[in-house]
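Chemist: Sequence:
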Amino acid sequence: MAPRSLYLHGNWIECRHLNAGRVVMSEDESHLTGAPWKNNLYLLQEQAPVPRVVKCRRYFEHRPPQYGEEFHGLIERADAEVMLKEAGEGAYLVRESKRSLSAYTLCIIFEGHVLNYKLYYDGAHYVGEKRFDNIYDLVADGLICMYVDKYACEYIQKMTEEVVYEQSPYTVYNRSVGKTRQVAPRPHVFTQQTFKMPHYCDYCRNFLWGLVQQGVRCEDCGFAAHKKCSEKAKPDCQPGAKYIKRIFAIDITTLCIAHKTEIPVIVSSCIQEVESRGLKVEGIYRVSASHEQMERLKRQYDSHFYVNLAQVEDIHTICGLLKLYLRLLPQQLVPFPVYRGLLQIYAESNSPQDIRKAIRNALYDLPETNAKTLKVLLMHLNKVAEHSADNKMTAENLSTIFSPTLFCTGITPALPQQQHMLLHTLIAQPQLVPVKLADKN
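Residue numbers (the working numbering): 129 to 569.
In short, the hints are calculated from the structure, not lab data. We put the beta carbon where it would ideally sit given N, CA and C, even for glycine. Treat the hints with care, as some may be off.
What the hints assert, rightly or not - Cβ-Cβ distance ranges computed for the label pairs, FRET-style:
| hint | residue 1 | residue 2 | range |
| --- | --- | --- | --- |
| 1 | S416 | Q439 | 18 to 24 angstroms |
| 2 | P544 | S416 | 48 to 54 angstroms |
| 3 | R180 | G201 | 15 to 21 angstroms |
| 4 | I385 | Y254 | 27 to 33 angstroms |
| 5 | H387 | E514 | 40 to 46 angstroms |
| 6 | Q320 | Y249 | 16 to 22 angstroms |
| 7 | H190 | N478 | 52 to 58 angstroms |
| 8 | K356 | R185 | 41 to 47 angstroms |
| 9 | V292 | Q400 | 34 to 40 angstroms |
| 10 | R484 | S396 | 25 to 31 angstroms |
| 11 | Q295 | N436 | 27 to 33 angstroms |
| 12 | V300 | S225 | 38 to 44 angstroms |
| 13 | D261 | A475 | 35 to 41 angstroms |
| 14 | Q194 | E514 | 40 to 46 angstroms |
As the list claims (entries may be wrong) - Okay, derived cross-link-like pairs now, DSS-like style, lysine-lysine, Cα gap no bigger than 27 angstroms in a straight line:
| hint | residue 1 | residue 2 |
| --- | --- | --- |
| 15 | K246 | K278 |
| 16 | K278 | K324 |
| 17 | K324 | K356 |
| 18 | K520 | K451 |
| 19 | K511 | K408 |
| 20 | K520 | K408 |
Kindly produce the complete structure, drawing on both the sequences and the hints.
Modeler: Dropping the structure here:
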């Protein structure tokens, strides 16, 4: 299967290293996924400029209460441009308009050009349809959207045209759990939605970019999509399906909130079973599993059937099921910004003590559910490695297998030894992940 490409800076770039192990799949694995998610736009969003406020040092007796240090009062447009260009890409400020009383202008520098927007406030800040609690988020969302629109314009225009609806995640899921179309077609009830965690379109499989109101969601069944994609969805709403409550290919935080668990049940169940009867099995996590059995178990989990893994005779199938779950996460357990920070540690730090401290600090940026799941997984892999005399799976071997699945390496080619070395360190020292797990007693 040819590697995917990312439309970046006017060129399509091969993404052989994008989400290795998930986006670039073998033909043997692809039928298990149904519909793998496309991370191109997520990775592009990560490259967008970061907002930088140009602070005003002057005191304003009657500064509007909704503004802070970004407010510069009544200044010339040319003066604002000079300050923004000196501050650099992503810089912003708010100035009072000379043309209208109590009117304000948001000034942002993007791609070297100063952009001016009439700024409104009615309890929330806005320049268009979206509403924001603060100026920083408004600017951050604007920079993301402008960056994605500029460098992925052609991709965005075509992403809905290439969709085969029968292969969309929503349709595949309903078919896999035995849901049939209603006798009378039922349209979806879409409303604007702000997704707190990275989310993907159930129509085109692409990332929903931006910080707020990234797309829409059906109030009845949970179908999430870009606004443009929702207009092409068929009237096949399944209100009883509660699409968001499936197990596989769902954002990990959303899943744990829906199921009221600290980590995904499938992760804890697979780990428990491996530790009860698989620690001394030679080649554990390395030997290939039965695709047919894995697909059957995946369907059972997604259909909310009770799954007793103790009845699964082949322990390698359970190991494969855990790896499949991790591969199908819309966003890998260690997202690109955290992974990038972890790699920089090895380039900048010298002593082992400095490296351990820096790793722990970098992992503080992980979402809570990701951190808890990662720690549980690392503690498990550490236990597997302790039995390497029997199972022949050292921490080094395990890091080779799991690193492409756990780390989102972005568009920057990552040397395999870098990933392996990082995961090897984490397996050997799972306490570096800074979370407090609930007492099981």
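Chemist: It remains to establish, for every hint, whether it holds in the given structure.
Modeler: Cross-check of the supplied hints:
1. S416 to Q439: 18 to 24 angstroms: Distance hint for S416, Q439 holds at roughly 21 angstroms.
2. P544 to S416: 48 to 54 angstroms: violated, 20 angstroms
3. R180 to G201: 15 to 21 angstroms: For G201 against R180, whose Cβ atoms are near 20 angstroms apart, the range 15 to 21 angstroms holds.
4. I385 to Y254: 27 to 33 angstroms: holds, 28 angstroms
5. H387 to E514: 40 to 46 angstroms: violated, 30 angstroms
6. Q320 to Y249: 16 to 22 angstroms: holds, 20 angstroms
7. H190 to N478: 52 to 58 angstroms: With a Cβ separation near 53 angstroms, H190 and N478 satisfy 52 to 58 angstroms, so the hint holds.
8. K356 to R185: 41 to 47 angstroms: holds, 44 angstroms
9. V292 to Q400: 34 to 40 angstroms: Distance hint for V292, Q400 holds at roughly 39 angstroms.
10. R484 to S396: 25 to 31 angstroms: With a Cβ separation near 27 angstroms, R484 and S396 satisfy 25 to 31 angstroms, so the hint holds.
11. Q295 to N436: 27 to 33 angstroms: Given a distance of about 31 angstroms, which is inside 27 to 33 angstroms, the answer is holds.
12. V300 to S225: 38 to 44 angstroms: violated, 51 angstroms
13. D261 to A475: 35 to 41 angstroms: holds, 36 angstroms
14. Q194 to E514: 40 to 46 angstroms: The hint (40 to 46 angstroms, Cβ to Cβ) is violated, given that Q194 and E514 are roughly 57 angstroms apart.
15. K246 to K278: holds, 22 angstroms
16. K278 to K324: holds, 24 angstroms
17. K324 to K356: holds, 20 angstroms
18. K520 to K451: holds, 19 angstroms
19. K511 to K408: The given pair, whose Cα atoms are some 11 angstroms apart, holds under the 27 angstroms limit.
20. K520 to K408: holds, 9 angstroms
The structure does not agree with the numbered hints 2, 5, 12 and 14 stated previously, though it agrees with the rest.
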